[in-house]
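Residue numbers (this note's numbering), protein chains in the order written: chain A, 1 to 524; chain B, 1001 to 1315.
Fair warning: there could be bad hints in the mix.
[To be verified] Covered stretches of chain B, as calculated for chain A (at least 3 residues, CB under 8 Å):
id: 1; region: 1056–1070
id: 2; region: 1084–1094
id: 3; region: 1147–1156
id: 4; region: 1183–1190
id: 5; region: 1249–1259
id: 6; region: 1278–1289
Calculated directly from the structure, the hints in this document are not laboratory data. Positions of the beta carbon are idealized from the N, C-alpha and C atoms, including for glycine.
Here's the letter readout for the chains.
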Amino acid sequence: MVLWGSNAREAHPIFFHHVLKAIRRGAKLVVVDPRRTASAAWADTWLSVKIGADIALANAMAHTLIAEGLYDKAFVEAACEGFEALKAHLAGYSPEAMAPVCGVDAETIRQVARRYAQADRAMICWTLGITEHHNAVDNVLSLINLGLLTGHVGRWGSGLNPLRGQNNVQGGGDMGALPHKLPGFQDVEDPVVRARYEALWGASIPAKKGMTLTEMFEAMGVGALKGLYVLGENPAQSEADGGHAQARLKKLDFMVVQDIVFTKTAEMADVVLPARAAWCESEGTVTNSERRVQRVRRALTGPEGARDDLEILGALAARLGHPLGPLTAEALWDEMRTHSPMHHGMSYARLEAEGGLQWPCPDDAHPGTPFLHGRLWERPLRSPRARLSITHDAPPVEALTPEYPWRLTTGRRLDAYNTGVQTGPLRSPLWRETTVDMHPDDAAGAGFADRTPVTVRSRRGAVVAPVRYDPSLPRGVVFMTFHDPDAVDTNTLTIDVTDPRSGTAEFKAAAVAIAALSHSDAAE
Amino acid sequence: MRLEDAPPRRRITLTVDDREVTVAEGSTLLDALKQLAVDTPTLCWAENLTPVNVCRVCVVELEGARTLVPSCSRKAEAGMKIRTDSERVRTSRRTVLELLASTVDTSAAASLQAFSARYGADPQRYGAQGAPHGPRDAARPGHHAVTSGAEAEGVAQPVKVDNDLYVRDYAKCILCFKCVEACGTDAQATFAIAVAGRGFEARISTEFDVALPESACVYCGNCVGVCPTGALMFTQEHSLRAEGQWRPEAQHETDTVCPYCGVGCVLRLHVQDDTIVKVSSPVESTVTHGNLCVKGRFGFGHVVKLRRNKREAVG
Chain A
1 MVLWGSNARE AHPIFFHHVL KAIRRGAKLV VVDPRRTASA AWADTWLSVK IGADIALANA
61 MAHTLIAEGL YDKAFVEAAC EGFEALKAHL AGYSPEAMAP VCGVDAETIR QVARRYAQAD
121 RAMICWTLGI TEHHNAVDNV LSLINLGLLT GHVGRWGSGL NPLRGQNNVQ GGGDMGALPH
181 KLPGFQDVED PVVRARYEAL WGASIPAKKG MTLTEMFEAM GVGALKGLYV LGENPAQSEA
241 DGGHAQARLK KLDFMVVQDI VFTKTAEMAD VVLPARAAWC ESEGTVTNSE RRVQRVRRAL
301 TGPEGARDDL EILGALAARL GHPLGPLTAE ALWDEMRTHS PMHHGMSYAR LEAEGGLQWP
361 CPDDAHPGTP FLHGRLWERP LRSPRARLSI THDAPPVEAL TPEYPWRLTT GRRLDAYNTG
421 VQTGPLRSPL WRETTVDMHP DDAAGAGFAD RTPVTVRSRR GAVVAPVRYD PSLPRGVVFM
481 TFHDPDAVDT NTLTIDVTDP RSGTAEFKAA AVAIAALSHS DAAE
Chain B
1001 MRLEDAPPRR RITLTVDDRE VTVAEGSTLL DALKQLAVDT PTLCWAENLT PVNVCRVCVV
1061 ELEGARTLVP SCSRKAEAGM KIRTDSERVR TSRRTVLELL ASTVDTSAAA SLQAFSARYG
1121 ADPQRYGAQG APHGPRDAAR PGHHAVTSGA EAEGVAQPVK VDNDLYVRDY AKCILCFKCV
1181 EACGTDAQAT FAIAVAGRGF EARISTEFDV ALPESACVYC GNCVGVCPTG ALMFTQEHSL
1241 RAEGQWRPEA QHETDTVCPY CGVGCVLRLH VQDDTIVKVS SPVESTVTHG NLCVKGRFGF
1301 GHVVKLRRNK REAVG
């Protein structure tokens, strides 16, 4: 098991229980993370990769797999494409050449590559340490290369798994809450698909894909997007380069916020629609990281005046001249699964009786699908080959300079969640104020005693917080959380340069300066 | 291991109370009893924990064996002849329950009370429960004071309230070891608690008896989830009980999914008066196996009744 850019022990604790069970049964854990996290503490091998050098490391591993003949030749020949081009490309990615780039010595890179290749079953799981970079997609593709080269895909106990960070981020995408997809990942620009939904809904669907969140913010910046309807998100505090994001939100002519609590974003809204909490005041489903659709149920009435999301959207549709009639979660779900092949077999009755089902589940008798891509093992292959990708090492966009010499990275802690909207009331004994975590030698060298308040400044903004000595950090790296933005708005510092394909910002790598607190800062 | 990858298991047949039952090799006697719907008392056993067979209330009589055997951990063997309700079994179970109840405050241990009623346990026959000899956390191994024998020695000690999430009342602890297992190798692997002391002075403790906030505890609450006697109790339940407002008959349970990370843990919400008063997770969930983390277990403050227009209202 390889955990790459993931601190699952804190961010996905119950998933990590399953990992711990495997460790007790003899599984080996490799953790790739700049920080020696609580997850890394359980690893046989911890690779302290330099921030943003994941491709250098992954490509050096792939180089080793090919150079030492460890890759699964039969699988690659039968089910993959692009091997010769990849092989030629990786010639320049020897472990010796990449060791100084990624910060992991060549022999360790080789050993991990060998163990991964020779394992009977092996899995790579990653989270935002991979995807919150300007080259997020290439990061992921370089990990996929490793899985394809070794044949650790499409089989029980193997695979490539992004651990989803939010309870229904998978389900949102599945349902078509993406700018280019209709439910079940059907392409919105496919006229056949579109025609089917237009007939179903009695309305026309835009023929071109919409904007990603990042593109929307850019459009707000240039005044091309003037109205915004925010459901259950707090972008005023969750976006990278928070000051810039708030300035863009302020330029809007009109903003509606629909949420269960009065967030910072709601404070900026023209209209606030109080909603019931989807997870305990409404009926419906969510989909977890393993593509398991599970029921959420209403246990509480919800506050007076707050309405179900469905009810609000239904009322809005009626006001817009398109009455939808009475809406129930189950009826909508049944409509959705009638037209989304991968959800066909998932009735509420089955979801309840079987403890959830994993898509694809195409019919009522189908048991659901515990793992994907088994098709790659069909011989002869009856479906497209899996593509090996050419990826180039590319350091973080914001280079360290004498003026901004520290590498800031961000992440979660066990007892808090994102901008703290939901975990704020949790009276956790583990709660700590937001600190500027630094290696003790770095901090002492810079003249900061433990708990000294400092100003952290990036090209975008500044925050004040106390230094915390943390020997689990590599030298040169500063770690901060973003859970208490009302006190310390860490995302003021982060950079909103994004991967052009995924639209995700490089939260994980900014360049900052750190200085003792001056009197003017203290007065702010 | 996936079912179809697992080696096929032999089926073996044994006799329970003159009835034949066939189970897969490797099953415990308790598995066989469950298959026959023989209601068997357990205190230290839980579906999601490794059996430690310390409480001895699940013992059964095995023909040919010198002693009674704990059904929770004894593996079924072909041809075994088991008695689950013989006089010997009943006496043994009754005695165990009497010894426990004579020593421990069982007022919040609903299952133990039910078993005691079933077996006619009379803990009073050991005399009234006496006061302990000084603070139990200070007891040293081998320093147990000899008592008069006129009263039953107790394990009373003050309730430990050292955080806002759960309370430890070890006067109610029967040393079933479940919390240690849940905190340790069976689920959480945090190892914040263990058995300290020996013999009668044995008790569950943090390292050097430090308060929880100074211990390794990460407040997952999985120890509370498995406690059979109410020795470990969520603060909210503890407070409601103290006010006489804990009304299980007025509660309903609803299963839903945790609102936090993408693991999708099933939460069982225990609701009284339209307010969440406790959160657990069903042991049969393939995602959680009954375990949760601090956010899923305690992170529902944003939907408490006070939640309204201002975040400050719930702070």
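What hint numbers does the structure not satisfy?
1, 2 and 3
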